[in-house]
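Trainee: These protein sequences, in sequence, are chains A and B. Just so we're aligned: the first sequence equals residues 108 to 565 in our numbering. Just so we're aligned: the second sequence equals residues 108 to 565 in our numbering.
No wet-lab data here; the hints were simulated from the structure. Among these hints, one or two may not hold up.
Which copy? The list can't say, so a pair holds if one copy fits it or any two copies do.
[Unchecked claim] Cross-link-like lysine-lysine pairs, in silico, DSSO-like; alpha carbons within 30 Å at most:
1) K527 to K394
2) K315 to K119
3) K394 to K303
Residues per chain are reported as follows:
There are 2 protein chains.
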Amino acid sequence: MRLSTLLGPDLKAVLARGEEALRAALEDVHAEDIAEIIEDLELEDAVTIVRSLPADRAADVVERLPTEIQIAVLGAIGHVDAAEILVEVDPDDRVDLVQELDESQRESVLAALEEREPEIAEEVRELVGYDPETAGGLMTTELVQLGPETTVAEAIAEIRRLSDEDEAETVYYVYVVGYGGRLLGVVSLRDLILAKPGATLSQIMTEKVITVHPGDHQEEVANLMARYDFTALPVVDDHGVLLGLVTVDDVVDVVIEEATEDAQKQGGVVPLEDSYFATSLREFVWKRGSWLVVLFMGQLLTATVMRRYDSLLAQTVDLVIFIPLIIATGGNAGSQSSTLVIRGMTLGEISPGDWLRVVAKEITIGLALGVLLAGLGFLRAFLEDAELDAFALSSAVATSIVAVVTLASVVGSVLPMALKRLGFDPAVSSTPFIASVVDVMGLMVYFGVATLILHLAY
Amino acid sequence: MRLSTLLGPDLKAVLARGEEALRAALEDVHAEDIAEIIEDLELEDAVTIVRSLPADRAADVVERLPTEIQIAVLGAIGHVDAAEILVEVDPDDRVDLVQELDESQRESVLAALEEREPEIAEEVRELVGYDPETAGGLMTTELVQLGPETTVAEAIAEIRRLSDEDEAETVYYVYVVGYGGRLLGVVSLRDLILAKPGATLSQIMTEKVITVHPGDHQEEVANLMARYDFTALPVVDDHGVLLGLVTVDDVVDVVIEEATEDAQKQGGVVPLEDSYFATSLREFVWKRGSWLVVLFMGQLLTATVMRRYDSLLAQTVDLVIFIPLIIATGGNAGSQSSTLVIRGMTLGEISPGDWLRVVAKEITIGLALGVLLAGLGFLRAFLEDAELDAFALSSAVATSIVAVVTLASVVGSVLPMALKRLGFDPAVSSTPFIASVVDVMGLMVYFGVATLILHLAY
């Protein structure tokens with residue numbers, strides 16, 4: 108199935124034989140696979156391949172390249188060729204591409220596009236204004252919209268015309284619009300096939316259409332599509348005027364992209380733009396270093412807390428021995444509850460208004476887990492060959508574990524909700540962040556409990 | 108758009124007015140929204156609502172309920188009614204439902220189904236055999252398959268017939284099959300609309316069809332669909348015989364489900380079956396507790412390591428002060444690299460064979476990040492009002508930070524790859540797991556470095 112591996116060795120030879128040979132060799136290869144081949148080539152060879160393809164195929168290939176290579180290829184291929192390819196690219200991808208170009212490239216490509224296809228150029232200028240992570244940034248304007256009195260036969264003729272001109276990306280639905288472009292209803296291709304040729308669209312359309320607004324975040328759009336099992340979702344403005352269409356294939360990409368971003372945030376990394384190997388060292392140091400420095404600053408508090416209790420610590424090494432165990436256990440419990448709550452909020456299962464229910468649940472779970480682990484901790488501390496009274500030491504360790512695990516479960520769940528309520532992205536309360544907060548708390552609890560118990564014991 | 112909130116208050120009144128009134132009130136409500144209403148009701152009321160609906164609508168609603176409630180409703184509604192609803196459920200969801208029923212329920216429902224629709228019952232018995240997380244478990248068998256000599260007009264008539272009988276879930280493609288059910292090609296609805304009525308399918312079909320096997324994992328299927336922007340992917344056996352169809356709406360659900368599982372694993376939780384609030388305390392304690400206990404056992408090693416160095420620790424509190432800072436910093440760096448590598452493997456960007464490239468990259472990044480943080484650590488330790496020589500203490504802290512961050516970056520990236528190579532799920536090397544491993548290593552590095560430097564200094 109993977110043609111790139113088959114083609115790889117022969118590619119150099121074909122490249123040497125010129126554009127005609129290239130075009131013939133690549134004729135039956137899926138655009139995705141050509142894109143994969145290109146990724147591993149020098150820019151010069153990549154440009155040769157893209158140039159050798161008919162404009163519509165070249166567009167299919169360019170759409171599938173990683174951003175960096177897209178920009179490089181479009182830059183190296185010349186403005187006129189680039190504009191020609193852009194004409195063939197799907198409108199939603201076209202806008203993404205233009206958004207990625209740097210200012211000077213963008214202007215000269217748009218100028219070349221204006222000369223060739225003024226309508227497309229205008230549309231791009233309009234769509235470039237939407238945030239790429241919203242329904243507006245995601246939508247395509249290539250769709251079939253017809254009046255309510257259109258007959259089924261006329262609608263089919265129109266689809267045929269648009270298909271010949273290759274102006275409708277993926278037709279699953281015909282949108283029925285009234286005065287001023289207001290969306291009235293929707294007719295599926297299946298409805299069209301099954302209806303009598305003379306029926307009008309208004310007779311067969313579904314009137315209850317679920318729509319999104321151009322400013323809606325892509326994550327909401329994806330959730331809505333997953334919820335209702337749609338293959339395409341119309342985008343309308345405040346007056347119900349049809350602006351475009353978000354298709355399910357873009358939504359699958361969005362869901363994967365959002366999951367990657369969330370995973371990276373959860374791991375304490377500023378989300379990457381590109382894949383692991385495509386990301387430069389410099390970017391890694393920046394995107395990992397900035398969080399590490401913030402977390403390090405927070406962790407400095409642990410040293411301050413420990414210094415405050417240095418007379419306690421100087422008394423005996425016994426207490427010191429259990430410091431990493433106690434704070435790590437708190438960190439683990441906190442990381443669990445924050446993960447569950449952040450994911451729950453992403454999926455819309457938990458909202459900040461549920462905080463009381465969440466806290467109640469986390470206190471119960473935290474206590475149960477705490478008692479479980481405290482049992483193990485008590486045993487381990489009791490077996491320690493300690494200077495301190497074994498029972499006092501074990502009690503201090505066990506009590507601290509119960510308190511720290513419960514506290515960490517609650518903090519790990521409340522912090523993301525509080526951040527969301529305050530308008531921040533809850534995912535910044537990543538696992539390492541929660542662990543840092545919990546470390547400081549854990550030390551204070553442990554030293555507090557130990558002071559009390561040792562005071563009672565001696 | 109959310110009708111459940113509108114309907115909520117009046118629902119009790121409508122429920123009291125009987126089935127007819129209910130059916131009328133719910134007529135225009137989307138099945139998803141009815142499902143949401145039901146979720147908040149007592150079982151008795153839920154059953155009343157489901158019973159009031161026509162069987163096909165009832166099926167749409169039941170499909171959208173959380174597993175637990177599905178089972179409860181189907182159990183309470185009686186085997187005959189349950190079988191009647193099952194007939195109307197989409198085949199892929201039907202199998203999932205039957206899989207969730209407990210053994211005795213399953214048998215009596217299947218028996219009732221056998222009486223009513225023997226073919227469907229047989230099909231369910233067959234599909235129940237596939238793992239739900241594979242293409243086989245995900246696929247529907249409701250699809251339109253026709254011979255190569257079928258004309259376009261005949262194909263349209265067949266789609267009409269199947270639609271009337273509601274036997275084709277979502278028709279986007281017609282599959283062309285030859286002798287023994289072998290898949291020959293595919294024709295889209297668009298192709299059908301645009302072709303001449305007298306053309307045969309073999310004339311207009313696309314012959315290069317990308318397919319999956321029933322045993323392929325759902326994550327692979329989802330990646331393939333996202334890659335090639337398909338709306339449906341045929342499932343074939345080793346002989347190319349068409350078995351079923353995976354549709355994109357199921358894939359969106361899969362991608363979300365997998366992202367949730369990955370996030371939970373990353374946070375050190377055994378993946379939940381249901382949403383946060385739908386999960387019982389008992390299940391939480393089990394799914395969080397099992398990991399916490401494992402991690403706790405690992406963390407016990409920190410106490411052992413510390414005890415081995417107790418004479419060093421007894422000398423001065425100065426060294427103790429920086430223990431949490433150093434091990435947490437290592438944990439953070441390790442969590443970053445493991446997150447990036449695990450996600451990269453999930454997306455297919457990194458494979459275990461790349462380990463050398465990854466290690467080289469992580470050593471460089473780890474050194475850069477280590478030096479950055481060591482600078483901060485040196486300053487902080489230097490300002491400490493210490494008994495030890497300030498320069499010796501600061502050097503020990505800074506050197507340890509460089510070593511720990513570098514080591515953690517490498518371990519965090521290599522461990523998931525090694526686990527994958529050994530056939531384990533790399534996601535079990537969750538953030539807390541990496542942190543535990545790194546904590547133990549971090550202590551050993553710190554105490555080793557400190558012993559050396561203090562030995563040199565005094």
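Trainee: Taking 30 Å as the upper bound on the Cα-Cα distance, should K394 and K303 be classified as within, between, both, or neither?
Mentor: Answer is neither: 59 Å inside a copy and 57 Å across each miss the 30 Å cutoff.
Trainee: At most 30 Å between CA atoms: does that hold for K527 and K394 within a copy, between copies, both, or neither?
Mentor: both (22 Å within a copy, 26 Å between copies)
Trainee: How would you classify K315 and K119 at a CA-CA limit of 30 Å: within, between, both, or neither?
Mentor: Result: close only across copies, 26 Å inter versus 56 Å intra.
Hint violations for this structure: number 3 only, all remaining hints satisfied.
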